[in-house]
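Whole structure, please, built from the sequences with the hints as guidance.
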Amino acid sequence: MEPLLTRYVREPNAFTLDFYLRHQGYEGFRKALAMTPDEVIEAVKASGLRGRGGAGFPTGMKWQFVDKKSPNPKYIACNADESEPGTFKDHLLMERNPHLLIEGCAIGCYAIGAKIAYIYVRGEFLHVQEVLERAIAEAYARGFLGRNVLGSGFDCDVYVHRGAGAYEAGEETALLESLEGKRAQPRNKPPFPAVVGLYNCPTAVNNVETLSNVPLILLNGAEWFAGLGPEKNGGPKLYCVSGHVRRPGVYEASMKITLRELIEGHAGGVREGRTLKAVIPGGSSVPCLLPDQLDTQASFDGIQKAGSLLGSAGIVVLDDTTCMVWLAENLLHFYRHESCGKCTPCREGTDWLHKILRRIEGGGGQLRDLDLLSSISGNVAGKTLCAFGDAAVTPVLTTLKHFRHEYEAHIREGRCTLPAPWRATRALEGVH
Amino acid sequence: MSFHPKMAYDATFQKSARPLEDEGPAFVYTPANRARFDEIVRRYPPDRRRSAVLPALYLAQQQQGYITANAIRHVAGLVGITRAEVEDVVSFYTMFYTKPVGTFVLQVCRTLSCALNGAERVTEELSAKIGIPPGQTDPSGTFTLLEVECLGACDRAPVVMVNDAWHENVKPGDAARLVDDLRSRGEAALSGCHHVIEQKR
Chain A
1 MEPLLTRYVR EPNAFTLDFY LRHQGYEGFR KALAMTPDEV IEAVKASGLR GRGGAGFPTG
61 MKWQFVDKKS PNPKYIACNA DESEPGTFKD HLLMERNPHL LIEGCAIGCY AIGAKIAYIY
121 VRGEFLHVQE VLERAIAEAY ARGFLGRNVL GSGFDCDVYV HRGAGAYEAG EETALLESLE
181 GKRAQPRNKP PFPAVVGLYN CPTAVNNVET LSNVPLILLN GAEWFAGLGP EKNGGPKLYC
241 VSGHVRRPGV YEASMKITLR ELIEGHAGGV REGRTLKAVI PGGSSVPCLL PDQLDTQASF
301 DGIQKAGSLL GSAGIVVLDD TTCMVWLAEN LLHFYRHESC GKCTPCREGT DWLHKILRRI
361 EGGGGQLRDL DLLSSISGNV AGKTLCAFGD AAVTPVLTTL KHFRHEYEAH IREGRCTLPA
421 PWRATRALEG VH
Chain B
1 MSFHPKMAYD ATFQKSARPL EDEGPAFVYT PANRARFDEI VRRYPPDRRR SAVLPALYLA
61 QQQQGYITAN AIRHVAGLVG ITRAEVEDVV SFYTMFYTKP VGTFVLQVCR TLSCALNGAE
121 RVTEELSAKI GIPPGQTDPS GTFTLLEVEC LGACDRAPVV MVNDAWHENV KPGDAARLVD
181 DLRSRGEAAL SGCHHVIEQK R
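Top to bottom, those sequences are chains A and B.
Just so you know, we're using this note's numbering here: the first sequence kicks off at 1 and counts up by one.
Just so you know, we're using this note's numbering here: the second sequence kicks off at 1 and counts up by one.
Mixed in with the good hints there might be a few duds.
[Unchecked claim] Straight-line C-alpha distance at most 20 Å; calculated SDA-like pairs for lysine to any residue:
#, chain 1, residue 1, chain 2, residue 2
1, A, K182, B, P25
2, A, K182, B, R177
3, A, K232, A, K115
4, A, K232, A, G307
5, A, K182, B, D180
6, A, K182, B, R48
7, A, K182, B, R183
8, A, K115, A, S152
9, A, K31, A, N220
10, A, K342, B, Y93
11, A, K401, A, L290
Just so you know, these hints were derived from the structure itself, not from any lab.
Structure follows, in structure tokens:
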């Protein structure tokens with residue numbers, strides 16, 4: 001498939017409005033303005049576009065759930081807090097094709113009856129924020145944003161809001177809390193943001209890649225969009241391949257593609273002399289797949305059938321030098337640090353899990369620790385307000401399931417049985 | 001108390017335990033920052049000024065290098081919430097410093113994709129070169145070395161963020177040179193991300 005979202009990302013000045021307008025920029029928005037808001041939602045529904053942030057929920061449905069009868073203003077909150085380890089697609093889109101996202105936000109606002117869209121960019125992406133701010137200023141200057149957009153009578157403002165370093169802000173209700181100037185901690189659901197969202201008003205929270213697909217649907221039609229991928233997995237998809245591969249990067253493809261084509265084809269496979277050990281197909285929060293599952297179709301449904309999730313499509317490739325106990329320890333360090341602290345099982349559980357994993361990795365583990373890991377994991381998963389708890393225990397459970405022998409070897413020999421030259425030569429203890 | 005004999009609740013357990021904010025010198029925004037704040041606060045509904053607390057804190061940090069109790073007081077007055085509510089936010093987000101930091105804050109991404117490509121070795125090399133463990137600032141106040149979680153640039157791993165700018169594809173062998181380059185050329189020594197590279201051309 002020809003790239004659509006990333007077609008021009010290597011071109012100089014692809015991020016400018018002039019360039020964008022020369023390549024059908026804001027044409028989708030013009031078409032949307034000629035339709036009724038409900039027709040726009042119908043088109044997005046018919047396209048089968050599914051949320052690209054991780055859950056894969058149909059975008060058209062999400063928009064339809066927005067309470068239009070509410071007397072309160074409506075909002076779009078664009079989730080650009082890309083923080084899932086292994087994911088870097090939105091970064092590229094915003095950096096090189098910011099007008100596509102702005103157009104998507106404007107169409108979204110029109111469809112759900114909102115006047116304001118906030119793009120919540122993670123704090124570390126200052127350079128991305130600068131690109132977006134410049135692009136938004138260009139769009140205002142040419143009348144694509146502001147009062148009475150393109151003479152249609154529709155008002156639309158798009159603002160960038162900079163986060164300040166919190167993975168949890170990527171959870172939709174935590175993002176809204178953060179936008180309201182509070183700690184990024186999730187809310188109880190229901191009510192869902194579509195009914196009670198930002199400032200207690202109906203809000204649609206959409207990922208950057210999701211909104212960037214919307215102009216394509218308006219421009220080329222829902223049927224065309226749906227036909228790009230397998231059934232119920234329509235449209236182009238951005239895959240982030242990183243880890244032990246020759247050519248890490250963002251690759252755009254139809255969801256008909258397999259993991260093998262992505263990893264061995266696009267990304268060039270594992271490095272010389274190495275063999276593939278495992279693949280994490282959807283960001284650090286999903287179970288890993290084994291080399292014999294590489295022919296799995298890299299679609300939401302394909303990967304789910306194989307026992308994992310497409311998630312944010314952050315594909316992390318692990319070669320045979322990777323110690324899976326070390327990997328679990330590395331990821332639990334992440335989750336322990338990023339747990340927002342609101343729900344006790346997650347706040348305490350991630351800390352316990354990390355401590356036990358560090359002990360095993362350091363050679364001080366006991367066999368009964370393995371049961372303890374399973375038991376703690378079972379008391380975290382499904383017992384928290386948001387999906388963080390389930391995500392945090394996944395690296396532990398998936399490595400225990402497929403690589404229990406590595407844990408046992410660590411405990412038996414009292415050391416890491418698979419040290420690698422790319423790891424620290426001595427134990428580092430950072431302060432966080 | 002712990003349910004497991006080997007799991008003491010040690011000094012590192014309380015993640016939220018942090019020293020009380022430094023009172024610091026008297027703090028008000030410079031006229032330029034005040035104007036910037038007034039512009040930002042207009043992005044939010046008039047009765048929702050609290051939304052501007054993160055941008056307001058960024059401005060304070062830019063002006064003074066770190067967040068003091070006096071800065072918190074000033075921000076609280078401007079956005080119309082209590083000092084405790086501002087401190088609640090400051091203590092949650094990792095990008096606000098409550099202690100002075102070095103001229104260059106080196107933040108090495110330590111999460112999976114960077115680690116698979118040698119981030120732990122990069123931290124070791126930087127630590128040896130500067131002569132401080134991660135989490136500290138060197139005595140001259142030039143460098144602060146931190147390990148941070150995923151920065152979202154896994155295809156250009158390992159990544160080091162220096163202040164707000166990025167330096168990508170850092171090899172452990174190049175880490176020591178980065179320190180020297182920063183000393184002599186400042187942030188111009190950094191590769192930046194793709195977009196910045198293109199603009200320099």
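Structure-based check of all given hints:
1. K182(A) to P25(B): 26 Å, violated
2. K182(A) to R177(B): 40 Å, violated
3. K232(A) to K115(A): 30 Å, violated
4. K232(A) to G307(A): Satisfied, since the Cα-Cα distance of roughly 18 Å is no more than 20 Å.
5. K182(A) to D180(B): 40 Å, violated
6. K182(A) to R48(B): 12 Å, holds
7. K182(A) to R183(B): Violated, at about 37 Å.
8. K115(A) to S152(A): Holds: K115(A) and S152(A) sit about 13 Å apart, inside 20 Å.
9. K31(A) to N220(A): 10 Å, holds
10. K342(A) to Y93(B): Distance ~14 Å between K342(A) and Y93(B) Cα, so the pair holds.
11. K401(A) to L290(A): Roughly 12 Å separates the two Cα atoms, so the pair holds.
Violation of the numbered hints given earlier is confined to hints 1, 2, 3, 5, 7; the remaining hints are satisfied by the structure.
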